[in-house]
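Can you make the complete structure from the sequences, with help from the hints?
Order-wise, the sequence lines are chains A and B.
Heads up, the first sequence is in this note's numbering, so the first residue is 3 and it goes up one at a time.
Heads up, the second sequence is in this note's numbering, so the first residue is 33 and it goes up one at a time.
Hint data in this document are derived by calculation from the structure and do not stem from the laboratory.
Check before you lean on any hint, since a few could be wrong.
As the list claims (entries may be wrong) - Computed footprint of chain A on chain B; a stretch qualifies when at least three of its residues, placed anywhere within it, have a C-beta under 8 Å from a C-beta of chain A:
id, region
1, 165–177
2, 193–203
3, 210–216
Said to hold, decoys possible - Each pair of labels, with its calculated beta carbon distance range:
id, chain 1, residue 1, chain 2, residue 2, range
4, A, R106, B, R201, 18 to 28 Å
5, A, V199, B, A96, 38 to 48 Å
6, A, H104, B, P116, 22 to 32 Å
7, B, L232, A, D92, 32 to 42 Å
8, B, T214, A, P210, 33 to 43 Å
9, B, L71, A, V199, 16 to 26 Å
10, B, L46, A, T207, 46 to 56 Å
11, A, R67, B, T214, 18 to 28 Å
Stated by the list, open to error - No farther apart than 20 Å at their CA atoms in a straight line, the calculated lysine to aspartate or glutamate pairs in the EDC-like style are these:
id, chain 1, residue 1, chain 2, residue 2
12, A, K53, A, D77
13, A, K53, B, E77
14, A, K53, B, D210
15, A, K53, A, E88
16, B, K401, B, D414
17, A, K53, B, D178
18, B, K112, B, D178
19, B, K401, B, E437
20, B, K476, B, D339
Just so it is clear, CB atoms sit at the ideal spot from N, CA and C, and this is done for glycine as well.
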Amino acid sequence: MRRLLLTILLLPWPHALPLAAQVPRITALTAVLERDSLLVDAQMADLFSTKIANTIRSGLPTVVRCDFRVINERDREVAVARQVMEISYDIWAQRYHVVLNHSRRTGSSFEEMERICSTLTRLPVLALAELPAVSTCRVRLQVTVVPISSRQNHQWRERIESADLQEAAAASESGRSGFSVNVSRLLSFFLGGQERVHGASAWATSPPLQLAGKP
Amino acid sequence: MKRLRSKFILTFALLTLLPAVTVAWLAKNLLDKALAIGLHRQTAEGLNAALQAVQQLTHQEREALGRDLQQVAAALRREKATGPPSPDPAHRLALYDDHGNLARHWPAAATRQELPPPPAPPLPSDSLSEAGSDSLAIRLALPLADGLLLVGERRVPETLRRQTVAVLRAAQFFNIIDLERTHLQRSLIAAFLAAYVPVLLLSVAVGWYLAARITAPLQDLGEGARRIAQGDWQHRVPVRAGDEIGAMARAFNTMVEDLRRQQQQVIALEKMAAWREIARVLAHEIKNPLTPVQLLVQQIQDAYHGDDENYRATLRESCGIINEEIDKLRRLVREFSDFARLPELHPAPAQLNALVLEVARLYPRRVLKLELDQSLPVTVFDWEAMRRVLLNLLENALQSSPQAEVTIQTRPAAHHVEMIVADTGPGIPAENLPRIFEPYFSTKKSGMGLGLAVVQQIVTEHGGAITVSSTVGRGTCFQLRLPCTTPAPLSWSK
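Right, here's the structure in full:
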């Protein structure tokens, strides 16, 4: 009996399991000290799956989130940082724009934009003053693609709910009335307003960086 | 009992779960089908093609503007030889000097506001570049010699603008649904669970309540049966409702009451049978030597031929006393024999009132108060046996006190008739009442204490019952109940 109940309860869940999707890879990661900052050079691959590429091409802005963890000799986390890369496509100008660390770069094709996004050169992660006193450290990086921001998701929910509003208006005009379950609202409630992550890379770790000369 | 309750709850949960899961499965399949149709590969390809088509059209617009800018630039270089340039009238061109001042513009009638503004720095160095296009117009810039900058604007046709916006929106919506497909399916499951869990809890609660309503009376019955088995014949199960379960509880209580009454009857009959056996043995053992003893006494008396008158007188007196005692013993033996060998009943339909009137005529010297119900139904009873019962009760009542008023009352009741013999005598002490029907129990100086025992036996044999109530100083009341139907014969252990 217990097994039967367990089977029934778990029955719908396998369908809800996320499908395996293409995830970004970090092929190279190096941390350097320059002036008073900890900088990172990184090379990434497979950043955008076909679905995300189509989303970008249709003009929806996408975010590539770079999460940095600075770890000491004993692999203990000593500092964290995040840099966000915003990608958008202007169909009228036929240009891809990439904004990272207050700098805007433009690509005339998707491939060019992907090259821009896949290469991080001397990206400032932390000010040296923000790092604790450690002799050596390593930098870990995880890249996450967020094709639907929370704002977009909110718009998406509104669009789902507006479908029911239109139906309700049509019902009212035709003289029909009565109680009905607003399925769209229920669905949109469970869809939530959070951003959607589609593909996160594995954590990559840079070679150790000597910090002995840190002032 | 807990298992039965668990089964109830599980059944209710399953009854709720099965249709809900079926509906959820159908809904999910419908959603999958709808998504599969909506997100079909051909649809995606069509949308991408449409997107590329509008991009191509926009590109052509850009190329047309770019060509015009190049031609105007070439014309400006050869202006002295070939005359002023004549750009496409659909374009608005502006020539800015190295300080950003407007040097020339086409068409000549255009105002400053209608002309494309110079692009924000950094300015392009040597080739065509974007100069702030938007959905209304495409704008390009071309640097010329001497720091001059030629900026052109081409209005996006309204049809192209609307088509592009429509295609972009469709593509965006498609891509979002495509990306959200898994999450949408998961959300459907979550929505199903959110709707189903309260229903499940409600059904479990209802199952629990109904199970409790059904199992609680069963538990009462089980407990009642256990208590009865332990000998607690006073225990009754509570009747909780007027439905079938309540009827079952009532039937159980009735059954227990009947069993208790029958058990009491059986006990009384067994007791009576034992007493009768004792009476029979005693009668036999006492009766047999009485005749030889009497003969011997007579022989002793006759055998004396002496002249001693005193002795003769003493002998005669002693033998007389012995003979009197022998007579008493004979009477005792006769009563014992009568008790031990009660005649077999021959019940027949008769009117109880007639019996009362016949017996009452035997007591002309005492005033008997008769309250006889004329609607009394015909009852089946043994006339002689019941006459003996009434005589016994009347004798007791009349002997209780010479001044006692005696009342005989008859009345009908449900399925039986009642006869009450009441007196206003001194009454019976409460401690004697439980033993009043026991053989050989008597509060009178004379009598063997068999009268009421015989009465109870006869009434019981008729399938009836007799009860007594008494208050010292106020009198005693015997209440006799006889069934209206023919009594089922009880087996006696003789």
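Task: Ascending list of hint numbers which this structure does not respect - done: 6, 7, 12, 16, 17 and 20
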